[in-house]
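Undergrad: Now for the letters of each chain:
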Amino acid sequence: MKRYDLIVVGAGPAGLSAAIEAARCGMRVAVFDENAKPGGQLFKQIHKFFGSKEHQAKIRGYKIGETLLAEAAEAGVEVFLNATVAGIYLDKELLVQRGEVMEHFKADTIIIATGAAENMVTFEGWTLPGVIGAGAAQTMMNLYGIKPGQKVLMLGSGNVGLVVSFQLMQAGCEVVALVDAAPRVGGYGVHAAKIARCGVPFYLAHTITKAEGSNCVTGVEIAQVDDDFAPIPGTEKHFDVDTICLAVGLSPMSQLLKMAGCNMVDDPRRGGQVPQVDENGETSIPGLFAAGDVSGIEEASSAMIQGRMSGLAAAAYLGFLSEQDKDNRLADLEIALDSLHQGMFAPGSKGKTIAKTDEGIAVSQSLLKKGYLDDADLERFINRSDQTDKKSGIHPVIECTQNIPCNPCQDACTRGCIKVGKTITALPRIDAANSCTGCGMCIASCSGQAIFLVDEDYAPGYASITLPYEFLPRPQKGELGIALSRSGRPLGYAEIIDVRSAKAYDQTTLVTIKVPVEQAMTARFYQPETNAAGQ
Amino acid sequence: MTRISEHPILGETEKGRRVTFFMDGKTIEGYAGEPIAVALKAAGVMVHRYTQKAHEPRGIFCAIGRCTDCVMIVDGVPNIRTCITPLVEGMKIQTQDGVSGLEVSE
Amino acid sequence: MSKHMSKYNDVIIIGGGIIGNATAYYLAKKGLSVTVLEASKDIGIGGSSRNGGGVRQSGRDTRELPLAMWGIKNLWPGLSEELGVDVEYTQKGNLRLGKTAVHQKILQGLTDKAVSCGLDVRMINGDEIRAINPYLSEEVTCASWCPTDGHANPLTATLGYYKKARELGVRFITEAPCFELRKIKGVIRQVVTPDAIYEADKVLVAAGFDSRKILATVGIDVPMMPLKMECLVTEAEPPMFLQMLGTADADFYGHQSKHGSFVFGGSSGFEHLNKDNGSPISSSIGASCTCRGIIKYFPALADAKIVRAWAGWLDDCADHVPVISPVEEVPGLYIACAFSGHGFGIAPAVGYNVAEMIADGHSTIDLSALRYDRFKPKQ
Amino acid sequence: MKSINDRSQDIGPFVSQTDDAIIICRCEEITKGEIRQAIHDGMFTVNEIRRYLRAGMGLCQGQTCGKLVKNLIARELNVIPDQLDPATSRSPMRPVEMKVLGNEEVAHV
Chain A
1 MKRYDLIVVG AGPAGLSAAI EAARCGMRVA VFDENAKPGG QLFKQIHKFF GSKEHQAKIR
61 GYKIGETLLA EAAEAGVEVF LNATVAGIYL DKELLVQRGE VMEHFKADTI IIATGAAENM
121 VTFEGWTLPG VIGAGAAQTM MNLYGIKPGQ KVLMLGSGNV GLVVSFQLMQ AGCEVVALVD
181 AAPRVGGYGV HAAKIARCGV PFYLAHTITK AEGSNCVTGV EIAQVDDDFA PIPGTEKHFD
241 VDTICLAVGL SPMSQLLKMA GCNMVDDPRR GGQVPQVDEN GETSIPGLFA AGDVSGIEEA
301 SSAMIQGRMS GLAAAAYLGF LSEQDKDNRL ADLEIALDSL HQGMFAPGSK GKTIAKTDEG
361 IAVSQSLLKK GYLDDADLER FINRSDQTDK KSGIHPVIEC TQNIPCNPCQ DACTRGCIKV
421 GKTITALPRI DAANSCTGCG MCIASCSGQA IFLVDEDYAP GYASITLPYE FLPRPQKGEL
481 GIALSRSGRP LGYAEIIDVR SAKAYDQTTL VTIKVPVEQA MTARFYQPET NAAGQ
Chain B
1 MTRISEHPIL GETEKGRRVT FFMDGKTIEG YAGEPIAVAL KAAGVMVHRY TQKAHEPRGI
61 FCAIGRCTDC VMIVDGVPNI RTCITPLVEG MKIQTQDGVS GLEVSE
Chain C
1 MSKHMSKYND VIIIGGGIIG NATAYYLAKK GLSVTVLEAS KDIGIGGSSR NGGGVRQSGR
61 DTRELPLAMW GIKNLWPGLS EELGVDVEYT QKGNLRLGKT AVHQKILQGL TDKAVSCGLD
121 VRMINGDEIR AINPYLSEEV TCASWCPTDG HANPLTATLG YYKKARELGV RFITEAPCFE
181 LRKIKGVIRQ VVTPDAIYEA DKVLVAAGFD SRKILATVGI DVPMMPLKME CLVTEAEPPM
241 FLQMLGTADA DFYGHQSKHG SFVFGGSSGF EHLNKDNGSP ISSSIGASCT CRGIIKYFPA
301 LADAKIVRAW AGWLDDCADH VPVISPVEEV PGLYIACAFS GHGFGIAPAV GYNVAEMIAD
361 GHSTIDLSAL RYDRFKPKQ
Chain D
1 MKSINDRSQD IGPFVSQTDD AIIICRCEEI TKGEIRQAIH DGMFTVNEIR RYLRAGMGLC
61 QGQTCGKLVK NLIARELNVI PDQLDPATSR SPMRPVEMKV LGNEEVAHV
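Residue numbers (the numbering used here), protein chains in the order written: chain A, 1 to 535; chain B, 1 to 106; chain C, 1 to 379; chain D, 1 to 109.
Keep in mind the hints are simulated off the structure, nothing from the lab. Even for Gly, the Cβ is constructed at its ideal location relative to N, Cα and C. Some hints could be false.
[Unchecked claim] With a Cα cut of at most 30 Å, we get these calculated DSSO-like pairs of lysine-lysine:
hint, chain 1, residue 1, chain 2, residue 2
1, A, 419, B, 53
2, C, 228, A, 2
3, C, 275, A, 92
4, B, 53, B, 26
5, A, 237, D, 99
6, A, 2, C, 296
[Said to hold, decoys possible] Chain C residues, not near chain B, derived (Cβ > 10 Å throughout):
hint, residue
7, 31
8, 103
9, 117
10, 134
11, 137
12, 138
13, 235
14, 238
15, 241
16, 275
17, 300
18, 305
19, 320
20, 364
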């Protein structure tokens, strides 16, 4: 029977990373993936990643996918696409469907990296065409270049719901509202702020009560919920939409591990049924590993590290790597993984209410409830005692108010104006002792699009604001449009005085608008006058 | 317009050859190799099938071949997951009614 | 942990499969108090829900044939109504198919025996076969045809008996494996589980092949071994045929369910040598082998999609016929196990007659040919 | 003994709810009301609900409704969902035609 040193199931971030590490140790490695395209969800993730350099921060997901594929090819990994693993059997045997044939394979080690499946939520009409998963929306628009709908309502304010809402707008769809039964935004505040400033209203503590339509979705009704998540009569609101997008969490797709006979546990913090694994992902069956979302829902960044760890552990298991080399290399990866597991969104903080940042600043409640920082909350963060700020000349304004593991802004500023420090979850500080040149690298490097360059002295009575812009059509210099507040409220006319694109900005356009000086700290987005928000 | 002609991050989507296929007897155009469901979506088709018991409409739901809601009859074979089955020129697609083809009045 | 003594029952049944559930139901109907102890987390998780759903008389050993015929005449037709659950009983005949002269001989032998017991079964040729089922390939040249055979849904029948018995007050306890049977003063009295000791006047052991080690605790042996068999089910298809099917070669058996899916079982030839990891898991070759077998008989099903395959253990008896019997040497003990892969179709009749045996001391059908002490070495 | 193992425990009468008509299993079109009724008929596990109603036994093999069914049982029995096992994982992981499943190839090296 055809046999490999390692068979990896799933060519996503975890699976490819595992395969690369193992192949680099000299193993014969095959990767099977049921999809026509490799990369798992990476090719649907068109936003810049968070983290640090070692986590490929500020690189867009699909580009990380391209890099992984190139590395896999170089390392000699055999990647089989349209290869559906039908089952896993005793003696580490796999039955794989490829085209019209079922092929039997054996492996001395197996890494299951099958990822996750979307959770569901039910309401009247949820089976109508037009109600789709957020993953479906991403697949349609980012892989196949088709809009999931024209007018969309998003259910779920976790990172998936927030990121996909932004992507929907980038694809040219209108997002009419973002709804979540929880009383607070679940995902990163910076992701929420990106869509709030486009004018998307947030309905927290609301749920969908009905999808309307006979043959497909023509509208949706939402209602406020009480403390037991039951809709409150009389609070119903209607929206005309053709699409309802569900982003209510993920569950590990662990069926193969269960079929293999691994000890499984039900762990709500890891997203559901997961295998019992050691720190390198080895299950209760020696030589059988799990990596990535299948052993606990996290981000692609951590999946890649987990994948590498399991790949190295598999190599050591078969003697392709000495125990000492394994320990040394795993130690580095553990540190990298650990740094992603810090801050307000750390796995251990799930479900906890956090009142203050690590710096001791009260977290913004408006960000959690409405998706944007209100003026009072903002004040606490931009006039901090630990930073020296100045108001003359061009300078960065960083609206990053949660402890998330991310620090590319620090490296982006060659003048040393921005400091995060060793703890990558710390809030960035501005060091005004160093002078800003207005190069804009900090704006383009911020995965959360939370950095703006403001110059209150641009012209008498006018300030300039440089902001990140990732929509089409790209504004033109000299164009007159509308300045929008953090909540997407029109503030008045704004003139485009500069539009910058550069390879180093990686598809993010830096748009500089001229606004009355009193809007210097309120205008945060630009809308072409001919377009309504988000269209 | 349902197709994204230009994307601010991704630029232009790579597409195959433009081909024709048939849906309940009507001629539709799509791109070879893209999922059948994508070609149908571009043509404005929302309903892929009607359910066996309640005859309720269903369409794309997960778009990755898991939920099996988008199944249709493709070249005479029922229960084909259109979201992961590549479009081939001349394919005959039928709206599925339960486990059979939907009667279509021309 | 000290075990609490559970409340007294008239009868304790060990095993929450269809035999245990059906017996519990008929005992409760007679007014007896019954507790059913199931070792696993689920009711009906063993062979009861893993079989092909045949409700056959043809092809059976003459010792169990009277039970099969009586059940089909008296219980199956009204079972859905009696249980309040659709057991999908379909009485449209059984075709046991053959392709070769050897098959013809096997089928003729079975048919002759059944006819001698009064069953309406006869041999038919290829044309007659395809008149009954036009989808069968030309390779099929002979069959035995029993028009009063049929099939039902093992899942709803098993759980239907459970539901109805529960409604009548039968107590069901899951995750209650029996460690030990205990006699008190010469008669069966206690059933020991990890959590409790249950007491009753009478105990029925109906725990599939696990019965062997349970019975060993009171010095009784039933010569049987677990045998792993595999089944599969297709997506729903438009209605094609209603008969139950089997083959002389035993390469597959099955039927189309009311739901539209085809349920088939088959063998790869390695069943007696198959291994597992402590639970009945599919082998890497079983489903593929069964598919090849089916397509040879039904070319039209080549495009039907398999949605699920599973395996299960038979409690295969030394002579491939069940043990249904009182155990006089352990007064109060009864056995119903070793069904050897054909227990489902006779389960209602077994439940009914065992309930009579336990409650009344005698049963409608004479079960003496199925006694536990019938096994004798070669002379 | 875990409470869920005593199948005679009193879980109260079946009381209909306004959203009982909502579909839970999309493939087999099984409603919330049918599942709740089945729980009151004694089906206390995901496996039993599957076998009794076919919920999760359709073309997608319960990949869409598995968690929903589990949560419904947990709520009706007033236990935490982690106490309930999901359904058994069975091959093939995706539907596959008989002619393909029967077309095995064993490459020898």
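Undergrad: Does each hint hold? Answer for all of them.
TA: Hints, one by one, checked against the model:
Taking the CA atoms of residue 419(A) and residue 53(B), the gap is near 62 Å; set against the 30 Å cutoff, the hint is violated. Proposed proximity of residue 228(C) and residue 2(A) is supported: the alpha carbons are some 26 Å apart, at most 30 Å. For the proposed pair residue 275(C) and residue 92(A), the alpha carbon gap of about 14 Å is at most 30 Å, so the pair holds. Of the pairs offered as hints, the one joining residue 53(B) and residue 26(B) holds, with about 27 Å between alpha carbons and a cut-off of 30 Å not exceeded.
Using a Cα cut-off of 30 Å, the hinted pair residue 237(A) and residue 99(D) is violated, with the two alpha carbons roughly 52 Å apart. At roughly 28 Å between alpha-carbon atoms, residue 2(A) and residue 296(C) fall within 30 Å of each other, so this suggested pair holds. Every CB of chain B lies more than 10 Å from the CB of residue 31(C), the least distance being 40 Å, so the non-interface label holds. Its beta-carbon lying about 32 Å from the closest one in chain B, residue 103(C) satisfies the requirement of being farther than 10 Å from that chain.
The claim that residue 117(C) lies off the interface holds: its Cβ sits roughly 40 Å from the closest Cβ of chain B, which is beyond the 10 Å cut-off. Look at residue 134(C): its CB is around 18 Å from the nearest CB on chain B, clear of 10 Å, so calling it non-interface holds up. Distance to chain B confirms residue 137(C) as a non-interface residue, since its nearest Cβ pair spans about 20 Å, more than 10 Å. For residue 138(C), the shortest C-beta to C-beta distance to chain B comes to about 23 Å, beyond the 10 Å cut-off, and the non-interface label holds.
The claim that residue 235(C) is not at the interface with chain B is violated, since a C-beta of that chain comes within 10 Å of its own (minimum 5 Å). At the 10 Å boundary, the C-beta of residue 238(C) falls inside the reach of chain B, the nearest C-beta of that chain being 5 Å off. Annotated as non-interface, residue 241(C) keeps its C-beta farther than 10 Å from every C-beta of chain B; the closest such distance is 15 Å. With a least beta-carbon separation of about 31 Å from chain B, residue 275(C) lies farther than 10 Å from that chain, consistent with its non-interface assignment.
Even its closest Cβ contact with chain B, about 12 Å, leaves residue 300(C) beyond 10 Å, as expected for a residue assigned away from the interface. Consistency note on residue 305(C): stated as away from chain B, yet its beta-carbon is not over 10 Å from all of that chain's, at 6 Å minimum. Every C-beta of chain B lies more than 10 Å from that of residue 320(C), the closest at about 38 Å, which supports listing it as non-interface. The claim that residue 364(C) lies off the interface holds: its Cβ sits roughly 40 Å from the closest Cβ of chain B, which is beyond the 10 Å cut-off.
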